[in-house]
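Trainee: Residue numbers (my numbering), protein chains in the order written: chain A, 244 to 664; chain B, 244 to 664; chain C, 244 to 664; chain D, 244 to 664.
If you're looking for bench data, these hints aren't it; they were derived computationally from the structure. Hints are not guaranteed to be accurate.
No copy labels: a pair is met if it fits in one copy or bridges any two.
Below, a list of computed lysine-lysine pairs in the DSS-like style, where the Cα atoms sit at most 27 Å apart [stated by the list, open to error]: (1) K427 to K411; (2) K422 to K541; (3) K335 to K406; (4) K406 to K566; (5) K427 to K607; (6) K406 to K311; (7) K411 to K566; (8) K619 to K480; (9) K427 to K308; (10) K427 to K566; (11) K619 to K521; (12) K406 to K440.
Okay, here's what each chain looks like letter by letter:
Protein chains: 4
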Amino acid sequence: MTAPPNRSQLTARFHSVRQTTEQLCAPLTIEDHVVQPEEFVSPPKWHLGHTTWFFETFILKNYGKNYKPFNEIYPYVFNSYYESIGDRVLRKRRGTLSRPSVEEVYTYRKHVNDLMPEIIASVSESDWQKFSFLLELGLQHEQQHQELLVTDIKYIFFCSPFKPAYQKHTQSASAAPLKSEYIKISGGMHEIGHRGKDFCFDNEIPAHKVYVEDFTISNTPITNGEYLAFMEDGGYKRFDLWLADGWDTIQRLGWQSPLYWEKVNGAWCEFTLAGMHKVDPDLPVCHVSFYEADAFAKWRNERLLTEQEWEIAARQLTKEPYKGNFLESRNYHPLAGEDNSAQHLLGNSWEWTSSAYLPYPGYKPYDGALGEYNGKFMMNQMVLRGGSCATPQSHIRASYRNFFQPETRWQFSGIRLSNAV
Amino acid sequence: MTAPPNRSQLTARFHSVRQTTEQLCAPLTIEDHVVQPEEFVSPPKWHLGHTTWFFETFILKNYGKNYKPFNEIYPYVFNSYYESIGDRVLRKRRGTLSRPSVEEVYTYRKHVNDLMPEIIASVSESDWQKFSFLLELGLQHEQQHQELLVTDIKYIFFCSPFKPAYQKHTQSASAAPLKSEYIKISGGMHEIGHRGKDFCFDNEIPAHKVYVEDFTISNTPITNGEYLAFMEDGGYKRFDLWLADGWDTIQRLGWQSPLYWEKVNGAWCEFTLAGMHKVDPDLPVCHVSFYEADAFAKWRNERLLTEQEWEIAARQLTKEPYKGNFLESRNYHPLAGEDNSAQHLLGNSWEWTSSAYLPYPGYKPYDGALGEYNGKFMMNQMVLRGGSCATPQSHIRASYRNFFQPETRWQFSGIRLSNAV
Amino acid sequence: MTAPPNRSQLTARFHSVRQTTEQLCAPLTIEDHVVQPEEFVSPPKWHLGHTTWFFETFILKNYGKNYKPFNEIYPYVFNSYYESIGDRVLRKRRGTLSRPSVEEVYTYRKHVNDLMPEIIASVSESDWQKFSFLLELGLQHEQQHQELLVTDIKYIFFCSPFKPAYQKHTQSASAAPLKSEYIKISGGMHEIGHRGKDFCFDNEIPAHKVYVEDFTISNTPITNGEYLAFMEDGGYKRFDLWLADGWDTIQRLGWQSPLYWEKVNGAWCEFTLAGMHKVDPDLPVCHVSFYEADAFAKWRNERLLTEQEWEIAARQLTKEPYKGNFLESRNYHPLAGEDNSAQHLLGNSWEWTSSAYLPYPGYKPYDGALGEYNGKFMMNQMVLRGGSCATPQSHIRASYRNFFQPETRWQFSGIRLSNAV
Amino acid sequence: MTAPPNRSQLTARFHSVRQTTEQLCAPLTIEDHVVQPEEFVSPPKWHLGHTTWFFETFILKNYGKNYKPFNEIYPYVFNSYYESIGDRVLRKRRGTLSRPSVEEVYTYRKHVNDLMPEIIASVSESDWQKFSFLLELGLQHEQQHQELLVTDIKYIFFCSPFKPAYQKHTQSASAAPLKSEYIKISGGMHEIGHRGKDFCFDNEIPAHKVYVEDFTISNTPITNGEYLAFMEDGGYKRFDLWLADGWDTIQRLGWQSPLYWEKVNGAWCEFTLAGMHKVDPDLPVCHVSFYEADAFAKWRNERLLTEQEWEIAARQLTKEPYKGNFLESRNYHPLAGEDNSAQHLLGNSWEWTSSAYLPYPGYKPYDGALGEYNGKFMMNQMVLRGGSCATPQSHIRASYRNFFQPETRWQFSGIRLSNAV
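Given the sequences, and given the hints that come with them, work out the whole structure.
Mentor: This is the structure:
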């Protein structure tokens with residue numbers, strides 16, 4: 244259970260997180276808020292409403308005196324997957340809804356935002372610990388959707404024949420790329436998982452002991468240049484490098500490169516939130532699926548790390564407060580070069596691990612409807628670690644477990660290897 | 244070939260038709276313009292752009308001096324199905340596009356609208372006949388999309404959990420329903436198809452001779468009340484009434500009633516452009532598929548008419564100028580009671596015929612890209628006749644052939660029967 | 244209603260038809276009887292059982308004294324599509340059934356065959372007309388399945404990587420190909436449909452008057468050589484030649500030639516029931532879909548005939564008893580050259596017409612379950628006329644209406660054109 | 244690498260294993276060998292051929308002097324999934340092949356069987372270790388297909404409307420069911436994986452150290468009676484018990500019970516290889532998916548074991564030679580009651596673990612084409628342990644890792660729980 248924060252701190256954090264979400268949507272047209280080019284994308288409007296619904300459902304309905312729902316139909320529209328909460332619009336139908344309008348969603352946000360300070364101020368001391376946890380959970384939840392907003396907007400813009408830019412291109416301020424080398428980490432008994440009073444998700448606990456052998460971890464993520472060498476060596480044509488499901492996937496979908504890469508006049512270009520640009524060989528490769536990360540590792544005769552190894556390394560190599568290329572940096576793209584967050588282990592790009600997303604020993608989901616938050620997804624997904632350039636800094640930590648199906652690649656997902664067997 | 248109209252008349256008609264389209268969209272929010280809940284629906288924004296693209300492609304590019312395309316990507320976005328014109332956004336992907344914005348589409352419309360008067364004025368006499376035909380074709384095309392706008396908006400609003408109303412409910416001004424009776428029409432040799440100098444589509448010509456036996460035609464369309472009797476008699480449960488493909492369709496899609504019907508508190512209600520209302524038993528039934536029309540006819544031991552019979556009857560029973568319940572009436576729903584257009588043969592609801600949509604003997608499609616307008620769809624579709632409450636009055640005539648797949652029912656499509664064998 | 248035949252004649256015909264079916268299966272292994280490579284194919288074992296079930300259901304159950312079903316589960320296995328008769332194995336699941344064995348199906352056939360003579364002998368005079376019609380219907384039904392057996396066996400063998408031959412290759416005894424010319428047929432009022440006491444299906448009646456203009460009909464079907472010219476002229480690449488649904492079909496399925504054609508060492512070969520052979524340019528093209536027939540006609544600036552025109556021509560150009568290349572000829576492939584059946588209008592290959600399969604004016608389906616025989620399929624199908632090399636001679640006539648979806652091509656279906664507009 | 248066995252022992256084992264396969268098919272009709280009711284089932288004929296192809300491909304082609312393939316097309320027919328070996332029939336098309344016949348497949352088996360003794364006798368000493376490993380791999384491979392034969396035949400017979408029995412019902416010789424209790428196993432550092440010279444698959448090595456906490460394991464598998472209690476408590480209706488993918492699966496497929504269960508006259512019956520029988524509450528439940536095993540465990544507030552825990556327990560609780568309910572017992576169904584193989588940990592039913600199927604640390608696949616045997620399937624599958632009543636006794640061991648997708652349930656797969664958190 245987390246340490247109860249100060250009421251005014253929490254109020255300030257509430258407003259800050261909520262504003263960040265809206266700032267992310269500021270460059271969008273109204274029409275950009277509405278569309279859903281693939282089922283895995285949600286319309287920005289929906290993110291704006293869903294995060295608000297989360298506070299309404301789990302805070303206002305429980306702690307607001309005589310709280311009446313803002314709109315009786317909104318729960319049907321903005322519930323994501325909580326079976327306990329009732330029926331809802333099918334995920335793939337989110338882009339078919341023109342109502343509520345963007346303006347109405349902002350009114351909804353304001354309605355909830357305006358009520359929150361008084362509720363934060365008035366919750367009893369006895370309720371405070373549980374309340375403040377719920378509120379923080381809502382904020383962490385909204386931060387997750389901030390990352391999804393960035394990646395969904397990127398996908399929406401990419402699907403447009405106009406290939407619009409979300410922001411101006413900013414020359415990366417990054418220094419020359421680091422020289423790649425492998426860091427040795429000692430094995431033995433280690434503790435994995437979150438311990439302490441700070442917030443974490445239920446899937447990060449209980450902390451528990453694991454045994455690992457000595458291993459190595461590269462100090463750098465794989466770059467576009469390294470990935471191009473794989474492509475040029477026929478990486479996408481050699482079935483021996485691929486898991487059977489991965490081989491099926493690349494055949495079926497015709498993948499020949501990472502997502503967002505297109506050949507323009509013979510040169511590989513990459514769609515970014517600043518538009519189409521030539522692929523920079525020094526930048527970390529991103530938007531690869533687990534299957535591609537795994538095939539690349541096999542091609543190199545190296546391997547991905549397990550999530551346990553990754554966390555052990557990250558605990559040794561990084562320290563708080565993390566500095567790095569996070570959402571706040573507004574790069575919305577991985578950077579090369581040295582930074583202060585330990586070779587980009589945190590920020591920049593998520594890193595696929597070789598671990599399936601499964602419960603930790605002794606795992607207990609949250610009580611009630613929130614029990615659906617993490618646990619029910621622990622099947623057919625792989626763990627990613629470390630956060631990305633779309634992750635808020637206050638949202639990430641060494642024990643954080645992200646998870647996606649192995650064919651997923653619209654997140655900022657990259658590759659880091661171990662060269663020990 | 245049609246008779247060349249006067250230049251100023253055509254200019255006036257151009258502006259009038261174009262304005263009508265925009266008036267139809269006036270009640271929409273920006274967001275309403277963007278969504279596409281099913282593949283058969285197009286976003287209103289797309290209709291606004293596509294009709295404009297039609298004029299740009301077939302008029303401005305050919306008759307505008309040094310005309311430069313408004314935007315190089317628009318043809319890719321707004322081409323519907325013209326293979327000759329080049330690649331285009333897949334029909335089912337129209338709702339994934341946030342750009343161009345609604346405002347940009349209106350700018351595009353204005354751009355084209357502003358250029359047209361001068362072009363109309365300056366086309367040489369020798370080109371006039373061909374030019375004026377093309378322009379009229381563009382206007383008839385836009386009128387077709389006006390009807391689609393009405394039916395697509397209806398579907399979009401129906402899919403909204405908020406079930407918004409497009410307009411206020413207007414008490415139908417219609418008189419008491421007509422007493423149903425069967426009119427006898429003499430058979431023999433008749434001419435079918437369009438003859439004369441007025442505009443018609445290529446699928447209405449050549450006019451040609453057909454032989455039919457004596458037949459009857461009801462003076463009224465089938466009403467909701469009559470259709471309810473079919474439903475209550477187990478019409479949707481009796482496979483013997485249905486074509487095999489129809490039976491498959493209603494099983495697969497779970498149809499138990501016309502589209503837009505829902506039981507609310509035990510009473511059948513119908514979604515209209517004025518919102519949800521109780522089903523009025525005196526109004527014509529609409530939003531039925533061919534399969535339902537055919538099954539209903541079998542249940543009554545009657546039959547649908549062939550398109551030849553329908554046209555022969557309509558020529559005898561109606562006369563120009565047609566009065567009736569058309570788009571201009573702004574009812575956007577069929578009416579009951581007597582009117583001046585021959586028992587609703589024209590306007591109100593399209594009527595399914597028992598004829599497959601096939602070329603008339605000696606049929607020749609338009610030259611060039613416009614040859615794709617009608618001919619290539621002459622397969623697996625059934626002919627509807629008579630226009631509807633969403634059809635502009637100047638767009639319909641007795642020889643007009645509409646066509647849809649037999650499972651289609653989001654158009655205003657109803658039933659009229661013959662009781663002769 | 245048909246003229247009642249003599250009891251002994253009918254008994255003889257019964258045994259003859261039943262034996263023919265079994266002779267068709269004689270070259271098969273047991274395993275060949277079981278498989279179903281596509282939903283449109285039925286396992287030969289199923290045809291053997293289904294035709295028997297038809298007699299059991301419509302004759303033995305009604306006319307056999309105290310008849311007990313041979314096996315209680317067989318109706319579930321061998322009912323094709325009769326909703327009135329009850330549940331049944333899904334069509335696409337027919338190839339999943341190993342039981343009953345081929346031997347058991349033959350025992351079932353013998354059981355039914357053995358009972359029939361006594362029943363034929365003992366039916367009362369008053370029942371004879373109805374009974375003999377039902378029996379003849381059962382025999383005509385079995386003849387339809389004889390044709391399907393030939394075409395299904397061909398498809399099954401084609402799907403085998405071993406490409407086995409069903410029979411030895413027989414040099415076609417056909418003379419030099421006819422010189423192609425167009426025969427003029429006078430238009431005006433004609434009667435279409437079956438008239439007289441001989442057997443016909445319900446879809447061939449009532450005979451009725453139609454008006455047609457003068458037209459022409461080729462004296463020869465289109466040959467492989469002519470079709471190759473279409474292919475070599477880019478016929479499969481030119482969207483302007485194709486109906487929209489046809490273009491979609493050939494894109495989706497990757498069609499570049501008729502079914503059964505494959506390029507072997509640079510030369511077009513064709514799989515036949517005698518194995519793979521070089522395409523003979525003088526033979527009629529077959530195994531083309533309606534879409535291909537229609538595109539070919541457009542490429543030639545000619546057209547398919549309507550079914551009315553075809554029947555008018557066939558009545559003038561052929562006479563009974565028909566001689567030609569039928570099932571009894573055991574060629575199982577179209578022949579070139581002159582024969583005695585009027586330029587192959589009957590036999591050789593079915594010919595696609597430009598007519599949708601719709602009921603004749605005044606059409607009445609059979610009573611009871613047999614009403615499902617034809618009527619419920621009158622949607623989204625095109626009419627073929629004339630029979631093929633897999634059609635029994637006693638099964639075909641000028642008024643015979645075959646029908647398939649326009650993308651169908653595993654039947655022996657070919658092309659004959661009119662060059663009049 | 245395994246210890247080289249004696250040549251005559253290996254020859255004897257070769258013949259024994261090959262005969263067992265054929266004995267399993269002895270009760271089948273020819274037709275039973277051909278069908279494939281679902282993609283996950285293979286026709287028995289295919290198993291007979293594929294296991295033979297394995298020896299031909301990996302032994303005869305490499306060790307037979309001047310060996311000529313038995314048939315050039317067989318590799319195309321009988322290759323399962325080895326991309327390295329070349330093209331092959333799609334898995335889902337195996338049931339569309341009537342050729343080769345069952346008799347030809349037996350001839351193929353005899354051909355390979357007859358050549359093997361001489362080859363075994365003549366391989367050089369220097370090649371013997373590698374050769375004997377390959378041969379043993381071929382035999383272990385054939386034993387895997389023996390299990391699949393049993394489960395595929397069961398599914399094929401179940402899909403038959405006749406519900407035939409493969410064998411006579413044998414009263415289970417099992418004693419009264421064991422009283423269920425939880426055995427405590429001490430945690431700490433343990434070794435997992437295969438060590439030693441006996442045969443094992445590549446996925447069982449390297450042996451490696453793991454740390455686990457103390458845990459418990461039930462001495463008995465979950466019984467039908469216990470599972471019925473879950474069903475009667477609404478287990479299939481409570482989404483809170485299910486993984487999201489599992490909930491989707493049971494909704495989509497309409498699962499309400501284990502596979503093979505059907506309600507007959509109000510009583511739950513179960514299809515077995517001895518036909519339909521009432522569900523015996525004392526027998527272990529089987530034919531449940533991982534999703535059902537996991538939901539059941541959640542309903543009991545207990546949990547599945549990890550594969551590490553399971554192996555640690557099995558090493559302590561079982562000893563070789565294993566006695567139990569294996570293929571050789573010819574029960575082909577789980578038994579209740581005490582036996583000599585440690586509470587059915589080995590034999591009876593496979594037990595779902597909570598572990599994803601992933602490579603062990605340092606995993607190396609076999610060289611060459613055999614590298615496709617296991618490694619490429621390490622994604623989206625869960626590990627099962629312990630073997631079943633369809634597993635040959637000489638094929639199973641404590642370190643054996645079976646794996647299937649979590650929705651799989653046509654194998655004999657059951658549930659064993661731990662009650663420690």
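Trainee: All the hints need checking, so say for each whether the structure fits it.
Mentor: Hint check results:
| no. | hint | result |
| --- | --- | --- |
| 1 | K427 to K411 | neither (40 Å within a copy, 63 Å between copies) |
| 2 | K422 to K541 | within (22 Å within a copy, 49 Å between copies) |
| 3 | K335 to K406 | both (23 Å within a copy, 19 Å between copies) |
| 4 | K406 to K566 | neither (32 Å within a copy, 49 Å between copies) |
| 5 | K427 to K607 | between (34 Å within a copy, 22 Å between copies) |
| 6 | K406 to K311 | between (43 Å within a copy, 21 Å between copies) |
| 7 | K411 to K566 | within (23 Å within a copy, 58 Å between copies) |
| 8 | K619 to K480 | between (36 Å within a copy, 15 Å between copies) |
| 9 | K427 to K308 | neither (57 Å within a copy, 51 Å between copies) |
| 10 | K427 to K566 | within (23 Å within a copy, 47 Å between copies) |
| 11 | K619 to K521 | neither (40 Å within a copy, 34 Å between copies) |
| 12 | K406 to K440 | neither (45 Å within a copy, 47 Å between copies) |
Checked against the numbered hints above, the structure violates hints 1, 4, 9, 11 and 12; every other hint is satisfied.
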